[in-house]
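What follows is each chain in one-letter form.
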Amino acid sequence: MFQAPLEKYPVNIREVILGLGEKAKKIGGENTFPLHFFEGFLPNPPGLGLEVLDMQPENWPTWALDPFEDVVSDPVGWAKKGVEEYGAEILCLRLLSTDPMGMDVAPEEAAKTVRKVVDSLNIPLIVLGTGAEDKDSKVLTEVARECSGKNLLLGPALKGNYQEIAKAALEHGHAIVAQASMDANLTKELNIALCKFFPPERIVVDPTSSALGYGMEYTFSIIESIKQFGLVDKDNMMQMPIFADIGIECWRTKEAKESKDQGVLWEATTGMTFLLAGANLVVLRHPEALRLIKNMISN
Amino acid sequence: MILIGEDLNIMSNAISQAIKERNAQPIRECVEGQTGNGVDYLDLNVGPQKKDPAPTIEWLVNTVQGFTDLPLCLDTTNVVAMEAGLKLCKKKALINSASGARESMETVMPLSKKYSSGLVLSVINDAGLPSDADERAASILESLEYANELGIENEDIWIDPVLMPVGVDQRQILSYMEFIQMIPDLAPGAKSVCGLSNLSYSAPKGLRGLLNRTFLVIITRYGQDAAIVSGFDEELIRLNRGEMPEIVDLIHRAMDEEDMDISTLSTKEQEYVKTTQVLMGKTLYSNSWLEV
Numbered sequence: 001m002f003q004a005p006l007e008k009y010p011v012n013i014r015e016v017i018l019g020l021g022e023k024a025k026k027i028g029g030e031n032t033f034p035l036h037f038f039e040g041f042l043p044n045p046p047g048l049g050l051e052v053l054d055m056q057p058e059n060w061p062t063w064a065l066d067p068f069e070d071v072v073s074d075p076v077g078w079a080k081k082g083v084e085e086y087g088a089e090i091l092c093l094r095l096l097s098t099d100p101m102g103m104d105v106a107p108e109e110a111a112k113t114v115r116k117v118v119d120s121l122n123i124p125l126i127v128l129g130t131g132a133e134d135k136d137s138k139v140l141t142e143v144a145r146e147c148s149g150k151n152l153l154l155g156p157a158l159k160g161n162y163q164e165i166a167k168a169a170l171e172h173g174h175a176i177v178a179q180a181s182m183d184a185n186l187t188k189e190l191n192i193a194l195c196k197f198f199p200p201e202r203i204v205v206d207p208t209s210s211a212l213g214y215g216m217e218y219t220f221s222i223i224e225s226i227k228q229f230g231l232v233d234k235d236n237m238m239q240m241p242i243f244a245d246i247g248i249e250c251w252r253t254k255e256a257k258e259s260k261d262q263g264v265l266w267e268a269t270t271g272m273t274f275l276l277a278g279a280n281l282v283v284l285r286h287p288e289a290l291r292l293i294k295n296m297i298s299n
Numbered sequence: 300m301i302l303i304g305e306d307l308n309i310m311s312n313a314i315s316q317a318i319k320e321r322n323a324q325p326i327r328e329c330v331e332g333q334t335g336n337g338v339d340y341l342d343l344n345v346g347p348q349k350k351d352p353a354p355t356i357e358w359l360v361n362t363v364q365g366f367t368d369l370p371l372c373l374d375t376t377n378v379v380a381m382e383a384g385l386k387l388c389k390k391k392a393l394i395n396s397a398s399g400a401r402e403s404m405e406t407v408m409p410l411s412k413k414y415s416s417g418l419v420l421s422v423i424n425d426a427g428l429p430s431d432a433d434e435r436a437a438s439i440l441e442s443l444e445y446a447n448e449l450g451i452e453n454e455d456i457w458i459d460p461v462l463m464p465v466g467v468d469q470r471q472i473l474s475y476m477e478f479i480q481m482i483p484d485l486a487p488g489a490k491s492v493c494g495l496s497n498l499s500y501s502a503p504k505g506l507r508g509l510l511n512r513t514f515l516v517i518i519t520r521y522g523q524d525a526a527i528v529s530g531f532d533e534e535l536i537r538l539n540r541g542e543m544p545e546i547v548d549l550i551h552r553a554m555d556e557e558d559m560d561i562s563t564l565s566t567k568e569q570e571y572v573k574t575t576q577v578l579m580g581k582t583l584y585s586n587s588w589l590e591v
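Chains as they are written, first to last, in this note's numbering: chain A, 1 to 299; chain B, 300 to 591.
The following block holds chain B by itself, in its conformation from the complex (with noise of 0.2 Å):
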């Protein structure tokens, strides 16, 4: 799975105030520490950036630039901000993101092909989000035809299910993994990606990163290519990278149903199955899963 990096978020106050004062100590941090762990892109997320948008955007493409050769995500709802930061991307950039929504295709999806980056495009659409897959295929349908009247082809697009918090609704998790295994045939070429850390907001913090790692191979195996993840989960990385077959194994298994005896397994393994267990809808989520 292709990974895009998340940390440089204008949400942290580090970022936030290392750009408001352009000091680029720790932004060089962030992005190594990334770099170093092996992510695939950068996301840059600066927010909405409403009073004098180009200039942060700019003055961050340019100093993560000198720090890394990696292509840039960048992570705004800001259109001018977006424009200012695509022109000095070196790499083919990737727009995160436009949606369905009427603005957002009149306004964003342009600039996809102005300057060739690939596009993230979510199922949201002017109705809001879908609620369930065959919802979320539709929607999806009409902005691609939208997209591709542009002249952007499907391999310049990365779909975008929107995963909700798995303490919102667990259904919706099931319907997104309904949605993805759909994504083939309804845009041959596309490439699905998605916001994973929003899977475990409100979840204990301890706890959030063992939601988002067994999610990721949940979604690998069917067929997920991306994903916009922590940089720092050295964890996940290393799942991803292949290098813990045993528990991808496992939950592979609690996916499968399969009858284990929990108890003979490690505490950390135990907590891969249950995880995996409320992913998959079997037991009702609860801030306490791992304790029962």
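Looking at chain A on its own, in the form it has when it is part of the complex (with noise of 0.2 Å):
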């Protein structure tokens, strides 16, 4: 009888740990393609945390904003909010105040409130930057002191301050997002810069994505290459578990203005196409978008 020849590849992509504890979360670590149960191990599933802004945001659709509405301004009760309600296992904070272009909160005030809403949690957090590579530079760094040794996921590592980033996580025991724009070659460039000095098993890749109708398919190919070189070429330098940040872009799409279902259904649709391309790791921004795809996937 004819039986359907199985792929082994024998390497895997590297585990990353988030977090601290029992509540601490493993990403990575499979040795073959989302679902290819048949083929291979996926030891663990994908990541799936939920956003949390240090600031009430501008431009949100109203129901983007809805769920969080009485705690908008409260980043520790946002986090709360996020975790006992919506039953975030991992959460994401954004640190859209010390953006250079709007208000531009210094770095020890940025540090000061992750402190407090790090200090409230039990779960795995992600402290973003707002890409701005100086002024993240200055803002991580401080985030990495401030919270030393809660091992943090901080982000993004650019090829212009990976270096002050990468120092300062390594110094203080956190796992660093590297982020290359939608570039396979430029992943592996960063990859090898940082792993010069810094631990290969504490770096989750960021080629950056887009939404449904704006160019999602790129993002597609671009998680899907980054695995097949890990896996199938065996380039160490892109087996790192991979981070996908949709929420910015789904709501700003103009259908998830135009209706909370649409946006909701945007951001399910886009984050769950990544998981099926090899993402290890999805934040997303609608509580209802993360029910969502964790029903999808359980069932």
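No lab work stands behind these hints: they were computed from the structure.
Just so you know, not all the hints are guaranteed correct.
[Said to hold, decoys possible] BS3-like cross-link-like pairs, simulated, lysine-lysine; straight-line CA separation at most 27 Å:
| hint | chain 1 | residue 1 | chain 2 | residue 2 |
| --- | --- | --- | --- | --- |
| 1 | A | Lys234 | B | Lys567 |
| 2 | A | Lys159 | B | Lys504 |
| 3 | B | Lys573 | A | Lys196 |
| 4 | B | Lys567 | A | Lys196 |
Grab the two chains, each in its own frame, and use the hints to assemble them into the complex.
Next comes the structure, spelled out in structure tokens:
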């Protein structure tokens, strides 16, 4: 009888640990592609995070903000609600207030906010800057110090600031998100540069995300190809778990701004698609999108 | 392999200024530097020459021919400039370039017949750059048929498969290699030519030569006939002349995926091996490919 040949890959995606203690989450660790249970081993379900902002956001459709209406200017309350009411097992604190083109809050102040959130939680926390290289390196260095030993996932570390961020993360025991935009070659280049002094098992890569209808297939291809380079070509600089931060992109689409249902479905569809491509960690904005994805996975 | 020196290029500030001032001295240095190193043709790239196209190329062709007897490869997208230059060439020149795009077939190709010049013919057509070897073949067959009907023999055609930068899409490099091996069957008598330096576009400046040289050895093995190269890369010219047989042999072994203990090799040898592995698609390219 015909038996379909099975592919075996002799390598693993690295396992990265987020957070501390009982509620710590492992991501990655697989030696095959998503859902290929018949071929290999996927020890860890994908990490699903919920976004928290450190200030009241502008330009969000009301239905994106409704679930957190009563806690929007209180990151600790927002985080607590995310966990207790909406069942988040990972949170992602975006330090929007530090944007140098916006409120430009000082690194020390932002770090204190992060500390308060960390102290109020016992689940893993991702902390993201705004992508402004100079400011982020100051902010994330300060956050790393203030939350020393908490094993946060800090990012994005970019070509222009990875040295400062990774140095602080190394010294204070955190993991980092290495971000190179939509390019496998640049992803590899940044990983090579980082791994000269930073442990590869504490790196998560972010190829940057686009929403459904706005270039999602590019993100899909790049996630897929990073994973293929890692598993099929056994390229050990491409074996880091993959991060997709999709809330920003999904909730600025015309469709998400038109109606709540569209927004939630837009985000859930985009997130689910990236999980199928091979993403190991997805951060969502709307609790209902999180619930939809969780249901799809558990069913 | 036939080497066409690319350094007389209006993109270079020194050359651009010399042309503007009609100053022959920098041109002379550029010509003699390349001919001294041993290139076979000189490419004269004058760009699009939008205003007043003829005088610039006329001056340049005459000036260059005062310093060398080598044949010239005229490189402009301006048909008027191309024709003005061709009229003055003493040796059989090369037109760089025509493509399968309708406008190019109708305006550039006839010049090859009229002036009995060689014709660089790229695989680009009105649909853009073909994405794989088979599409390249389909495109070039169509353009060749048109050229042959105009009375241009395959012997005068230099096929340019269009080499893309390794940092853009490594798979394109593999389909390039596949395609040049198809050329003798597709177009018996025609030559293959490429702009070699395009391979390393966007790579770190100090490492571009290494990519270009390694690729020259690889495509020589696959039957490439000619390449447009830097006439100042002495190591490349020595490799091409067969003066570095041990490096050529090492690249061939790396192409064949022969087991080798890379740690026993010299730094330079290791660099050639790692570069070969990248260009053969064995390892994913990154700008720091030598550091792993």
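Quick rundown of the hints versus the structure:
1. For a cut-off of 27 Å, the pair hint linking lysine 234(A) to lysine 567(B) stands: about 25 Å separates their Cα positions.
2. The straight-line distance between the Cα atoms of lysine 159(A) and lysine 504(B) is roughly 18 Å, inside the 27 Å bound, and the hint therefore holds.
3. For the hint linking lysine 573(B) to lysine 196(A), the alpha-carbon distance of about 18 Å falls within 27 Å, and the restraint holds.
4. The suggested pairing of lysine 567(B) with lysine 196(A) holds, with an alpha-carbon distance near 22 Å, which does not exceed 27 Å.
Of the numbered hints given earlier, the model fails none.
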